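Taken in sequence, the protein lines are chains A and B.
Here the first sequence is numbered in this note's numbering, starting from 285 and rising by one per residue.
Here the second sequence is numbered in this note's numbering, starting from 7 and rising by one per residue.
Keep in mind that the hints were calculated from the coordinates and are not lab data.
These numbers were taken from a predicted model, which means no experiment stands behind them.
Quick reminder that beta carbons are idealized off the backbone N, C-alpha and C, glycines included.
Incorrect hints may have been included.
[As the list claims (entries may be wrong)] List time: in silico EDC-like cross-link candidates among lysine to aspartate or glutamate, alpha-carbon distance up to 20 Å:
id: 1; chain 1: B; residue 1: K88; chain 2: A; residue 2: D360
id: 2; chain 1: A; residue 1: K301; chain 2: A; residue 2: D360
id: 3; chain 1: B; residue 1: K253; chain 2: B; residue 2: E238
id: 4; chain 1: B; residue 1: K313; chain 2: A; residue 2: E491
[Stated by the list, open to error] Facing chain A, a subset of chain B residues (Cβ under 10 Å, in silico):
id: 5; residue: F108
id: 6; residue: G141
id: 7; residue: H255
id: 8; residue: C258
[To be verified] To give an idea of the chain B side of the interface with chain A (calculated C-beta under 10 Å), a few residues:
id: 9; residue: S13
id: 10; residue: D100
id: 11; residue: S251
id: 12; residue: C282
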Amino acid sequence: MFPTPCNWLLRQNKLLKFQNTLPVLDELVGGLHPGQIIELCGPSGIGKSQVCWHLIRDCLNAGKNVAMISSRKIQDYDLENLPNLSNLSISYASSVYNLLVSLAAVNSMSVSLVVIDGIQPLLQAVLGSANFKGQALLNEVKCGIGTVSVKSLVIYTNGLVSVGDGNHGPALGRAWEVAPSVRIMMLRDREGGRVMWRNREVTARLEIGDQGVEISWN
Amino acid sequence: MALPITSLPIPQSTVRYLSSRNVVYLSDLLKTLPWLDSYNEESVILQMEELNLPEVHRRLLTDFLINHLHQTAFQAPQIGKKLVPIITFSSSLDSLLCGGIFPNEIVEFLGEPGSGTSQLCMQLAVDCSIPEMFGGRACKSLLIDCNGDTCNIRLKQMAKATLTHLNLIARSAEEKDITSKLTVDELLSKVYTARCTNYTQLIALINTVSKDCNYGAIIIDALATHFRHEFEDMRQRTNIIAEFSNKLHKLCIDAPVSLIIVNQVRMDGEGSIQPCLGESWSHTATRRIFLRRVSTDVYSATIMKGKRSGETANFRISSRGIRDCPAH
């Protein structure tokens, strides 16, 4: 990475940003442009993957390239209604090493959006190792994601763990808390609706429909 | 790739040997990395042989490279091949599941004791062997029994009922020909059962099956049985479950297998029902369905995660197996 003037980088980001149909999410995360690493954190079944697929559809509609690294097999019903399927590249990762290799490969592709669906199962398995290998691998993944995020927007999904007293926090430990540039917590409120939080203050509401997701201010 | 040697899953002796030869990163070792060219096992083995390492280190490193650095090529997805689901014989349950259970997915069924989970497992195992002419998958199924609920006599009863049903719906001459030659024995010969009495056996079984999987469906009845009570160290349990979940994912990606896992439920502090095995396990399944007993032979299924989330369907368990509720 050569030193580049800031105003040039900011202009590039504006150019590389793709048209999206989620203006509220755009504002919530501070801009869906390259350089951002967004973490969607929430319990199982709340709609993290749905938001990712909505953004993939927007990016493909705009004619840009998308790379997806998934820890679970993509079903056909996820892929229906997606235009320009040839601009979407999918790679499957079943261990941390697969993930690292995929991230290195993404560097040589020119994509506007990189989605890593299900990063928790890949990293959780190495975190429990008796020695320091787990943290070293976590750092490698952080660096890999950081390198990719220079040219593309990176979004990944994480899970929750209980942190005592009935509260929940993001999985993968304290060292991972600084990995994303923005962390969006997705939780259910008392009526059962889906709420997206940033930094415990700003909230937005998520509805999942047949055609995609809708995000509105709370 | 700047992956330090110390972070690879190889023993310390190999790490020390490589450090003594001034190899710090993986890229110091390999001139061309596997994913940049078209990857094949022979080229990796050849490259490793050229390096003149001692036999034991070479073998470990080659194993690591072949097992972990493959299946990562980026490809555009292709829709087109129609996938055949495994049906449950209850049309309301099948439409709730968008057709049934498809290959390459992990479906989790949850329920209290007596909510029909074991019966559903046995029915799905038998349904795998329905011939292709009738819309079935005609494949082998493996039913892994962890708490002893699988009953061979019940499987035979379900297979007999399936055969009667196929005989009734056969219309054309070819279909009638197939059903006249089909026997209960032949249907049951495709259903394999295995009994596991502790978690080590379960993991060993999945390891063996992963090597060359030619089953169409693997059904694990009550995964939580061996993980709930045997562990004193919760951290060890989380690690083992995380690794197990990775193995299941890999199995699903490599082969067109449907993985059906039954989980148990527990009461949490506030009195609400939660699935067992914790939050980190709950991300493994792509779909989760909660089963409940409504009345004597009527059961209900609700989708907790996946397509059509929140919807419910009712089904009945009779002497023939899982069937629809009679319409009133």
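Against the structure, the hints come out as follows:
1. Annotation: proposed proximity of B:K88 to A:D360 holds, straight-line Cα distance about 9 Å (limit 20 Å).
2. This hinted pair does not check out: A:K301 and A:D360 have alpha carbons roughly 28 Å apart, beyond 20 Å.
3. About 23 Å separates the Cα atoms of B:K253 and B:E238, which puts this hinted pair outside 20 Å; it is violated.
4. For the suggested pair B:K313 and A:E491, the alpha carbons sit about 14 Å apart, so the restraint of at most 20 Å is met.
5. At about 7 Å, the closest approach between the beta carbon of B:F108 and any beta carbon in chain A falls short of 10 Å, and the interface hint on this residue holds.
6. With 10 Å as the threshold, the beta carbon of B:G141 stays out of range of chain A, its nearest partner Cβ sitting at about 17 Å, so the hint is violated.
7. For B:H255, the suggested interface contact is upheld, since its CB lies about 5 Å from the closest CB of chain A, less than 10 Å.
8. Residue-level restraint check for B:C258 holds (minimum Cβ-Cβ distance to chain A is 6 Å; threshold 10 Å).
9. For B:S13, the suggested interface contact is upheld, since its CB lies about 4 Å from the closest CB of chain A, less than 10 Å.
10. This hint is violated: B:D100 has a C-beta 15 Å from the nearest C-beta of chain A, more than the 10 Å allowed.
11. Interface restraint check for B:S251: the shortest CB-CB distance to chain A comes to about 5 Å, inside 10 Å, so the restraint holds.
12. For B:C282, the suggested interface contact is broken, since its CB lies about 13 Å from the closest CB of chain A, more than 10 Å.
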